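Undergrad: Chain by chain, the residues run as shown.
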Amino acid sequence: MDALQRRLGTLYAVPAVALLVLSFVAPLLVVAAFSTMPQGVFSLLHLPDFSAYGTLVTQGYWQSLLWSLFMAFAATVILFVISWPLAFGMAKVFKRFTLVLTIGVVLTLFVSENIRLFGWVLTLMKGGLIDGYLRAWFGGGLEGALYNVPVIIFGLVYVYLPFMLFPLAQGIAMVPDDARQAARDLGASRWQILTEIDLPLSAPGIVVGSLFTFVLATGALAEAKLLGGSAVIVMAAEVETAFTYGQDWPLGSALSMTLIAIVAVLAIFTIARIDLDSIMGRRG
Amino acid sequence: MKTGRFLTAALYLYGIAILVALYLPLLSVGFASISKSRYLSFPVRRYAFEWYGEALSSGTVADLVVTSLITAALVTLVSVVVGFFGALAFARYSWRYRKLFQKFVLLPIFFPQTVLGLALLMWFNAIGIVPSWKTAVVAHLVWITPITTLIIAIRAYSFDPALEEAARDMGCTTLQTLKEVTLPLLAPGIVSAGLFAFLLSWGNFPLSLFTTGADSTLPEWLYAKMVSGYSPLVPTVGMLSVFASALLLLIAIAIPFLINRARSTESA
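Chains A and B supply the protein sequences, listed in that same order.
Under the numbering used here, think of the first position of the first sequence as 1, with each following residue one higher.
Under the numbering used here, think of the first position of the second sequence as 1, with each following residue one higher.
Everything labelled a hint here was simulated from the structure, so no lab data went into it.
Treat the hints loosely; a few may be bogus.
To be verified - Sample of chain B residues lacking proximity to chain A, with all beta carbon distances greater than 12 Å (derived):
hint: 1; residue: Leu19
hint: 2; residue: Leu27
hint: 3; residue: Thr60
hint: 4; residue: Ala87
hint: 5; residue: Gln102
hint: 6; residue: Leu141
hint: 7; residue: Glu220
hint: 8; residue: Tyr223
hint: 9; residue: Val234
As the list claims (entries may be wrong) - Simulated crosslink set (DSBU-like; lysine-lysine; CA at most 35 Å straight-line):
hint: 10; chain 1: B; residue 1: Lys179; chain 2: B; residue 2: Lys225
hint: 11; chain 1: A; residue 1: Lys95; chain 2: B; residue 2: Lys36
hint: 12; chain 1: B; residue 1: Lys36; chain 2: B; residue 2: Lys179
hint: 13; chain 1: A; residue 1: Lys92; chain 2: B; residue 2: Lys225
hint: 14; chain 1: B; residue 1: Lys134; chain 2: B; residue 2: Lys103
hint: 15; chain 1: A; residue 1: Lys92; chain 2: B; residue 2: Lys179
hint: 16; chain 1: B; residue 1: Lys134; chain 2: B; residue 2: Lys179
hint: 17; chain 1: A; residue 1: Lys126; chain 2: B; residue 2: Lys103
hint: 18; chain 1: B; residue 1: Lys103; chain 2: A; residue 2: Lys95
hint: 19; chain 1: B; residue 1: Lys99; chain 2: B; residue 2: Lys179
hint: 20; chain 1: B; residue 1: Lys36; chain 2: B; residue 2: Lys103
hint: 21; chain 1: B; residue 1: Lys36; chain 2: B; residue 2: Lys99
hint: 22; chain 1: B; residue 1: Lys99; chain 2: A; residue 2: Lys126
Said to hold, decoys possible - Sample of chain B residues facing chain A (criterion: CB under 10 Å; computed from the structure):
hint: 23; residue: Leu56
hint: 24; residue: Met170
hint: 25; residue: Gly171
hint: 26; residue: Cys172
hint: 27; residue: Gln176
hint: 28; residue: Ala246
Model, not experiment: these values are computed from the prediction.
Just so it is clear, CB atoms sit at the ideal spot from N, CA and C, and this is done for glycine as well.
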């Protein structure tokens with residue numbers, strides 16, 4: 001039986017592994033190779049000179065990188081704070097409302113993020129839903145809500161909410177009620193239960209949720225373009241420009257490689273430390 | 001542990017507030033799509049459905065819908081088949097590299113989609129494939145197959161391994177066990193994975209951005225229009241895309257319900 005399990009397991013993994021090697025690993029290797037090419041070439045048949053990385057440093061691209069990292073970090077912290085009470089409610093307090101919330105949040109994932117962000121433009125713009133009605137009802141309006149850094153962070157928070165909420169709720173559900181009850185019986189305050197029981201015991205969910213939001217927000221493009229106008233240029237936008245207007249594939253690749261390196265280090269480091277079987281509930 | 005009544009009420013209100021905020025932008029798009037004037041401004045004074053007529057009769061929109069539909073259908077088919085076997089390797093069978101495989105499958109979900117799309121564009125260029133909607137299918141698969149694998153794996157975790165063993169002890173071949181036991185047991189997971197795959201592909205923009213070449217999907221076209229300036233067609237086509245997703249969801253929810261009812265009247 002064990003021999004059969006081993007054989008079937010290996011065999012069934014083949015399609016997924018083949019797909020990912022051909023369309024995930026290989027492309028990333030090509031980007032890595034391209035990033036070392038002399039600037040302005042469109043094939044890999046040149047001697048590597050790493051000049052694109054030099055341009056990346058000297059032309060101030062690090063500013064875009066810092067903006068992307070900063071906004072992703074801010075969005076992650078804000079999301080953690082606003083998702084925690086909701087995730088706690090979903091895991092421990094709500095009954096049927098948990099299902100309503102889950103379905104309600106998942107459904108938004110099925111609407112293209114463009115359309116949802118565009119909806120926020122229509123909501124927040126001058127003469128938009130909020131401004132227009134405030135003006136019509138109270139006279140005063142909502143000025144300058146769009147095209148700045150806070151609104152980009154707001155967009156990131158909005159788009160990546162599910163990626164924080166669901167892992168958090170899963171993490172909190174793993175905290176045994178007995179542990180919380182025992183802490184309370186022993187005289188722990190609400191704050192102590194939070195910091196000494198809830199937060200440490202739901203750490204896997206917190207880590208996965210934060211990783212998801214931070215990594216996805218670092219590579220985000222549409223939020224800054226649609227809501228932010230040209231307030232700041234994010235890393236993904238620099239990558240897009242290098243490939244399209246700039247026609248500089250090695251530079252675009254070098255920019256991508258910095259993003260890929262940050263993501264890969266964070267993701268591999270974290271994923272290596274979590275036990276998926278226990279999170280997803282394996283039996284036997 | 002009991003939570004105080006006041007805290008419970010506050011949490012419910014908070015949950016409702018978040019749901020409202022999540023759907024507020026769609027409300028704005030909805031209003032914009034039925035506003036009569038060419039230049040949108042709230043409060044909307046005159047309503048009209050003429051933009052819907054224009055969108056529905058437009059050849060461009062029809063082409064975009066067809067491209068997006070075929071892409072989503074192919075992505076669904078491939079990602080569910082690969083995800084079905086992947087989930088069994090992920091959750092069900094004990095084999096040597098299972099833990100490593102779990103982590104490898106998960107990795108693409110954590111990568112920014114625009115970067116994945118770009119990497120694929122360069123890879124296709126390096127091996128001499130001209131980008132079209134077919135290459136976008138591959139791009140969607142990179143991100144969506146891990147998700148279908150995970151969804152089916154959740155189902156696979158919860159089924160009793162003894163059922164497969166029993167089938168085998170009664171003399172079923174591996175193929176028969178797969179078809180008669182494993183497949184029906186995983187069916188609910190397969191259906192929801194398929195639904196996720198289709199809808200995520202239908203609405204995806206960042207993966208399509210670099211990989212469709214001369215073709216364009218619906219979300220891509222919308223993005224291009226949004227960046228280049230307002231057009232009354234944008235909210236209208238956006239709403240149509242939302243309605244299409246909603247319709248598919250309703251059908252998917254209704255079918256099992258109808259089958260159950262048909263069965264119960266049959267047996268009655």
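Undergrad: Does the structure break any of the earlier hints, and which numbers would those be?
TA: 1, 2, 4, 5, 6, 7, 8, 9, 10, 11, 12, 13, 15, 17, 20, 21, 22, 23, 24, 25, 26, 27
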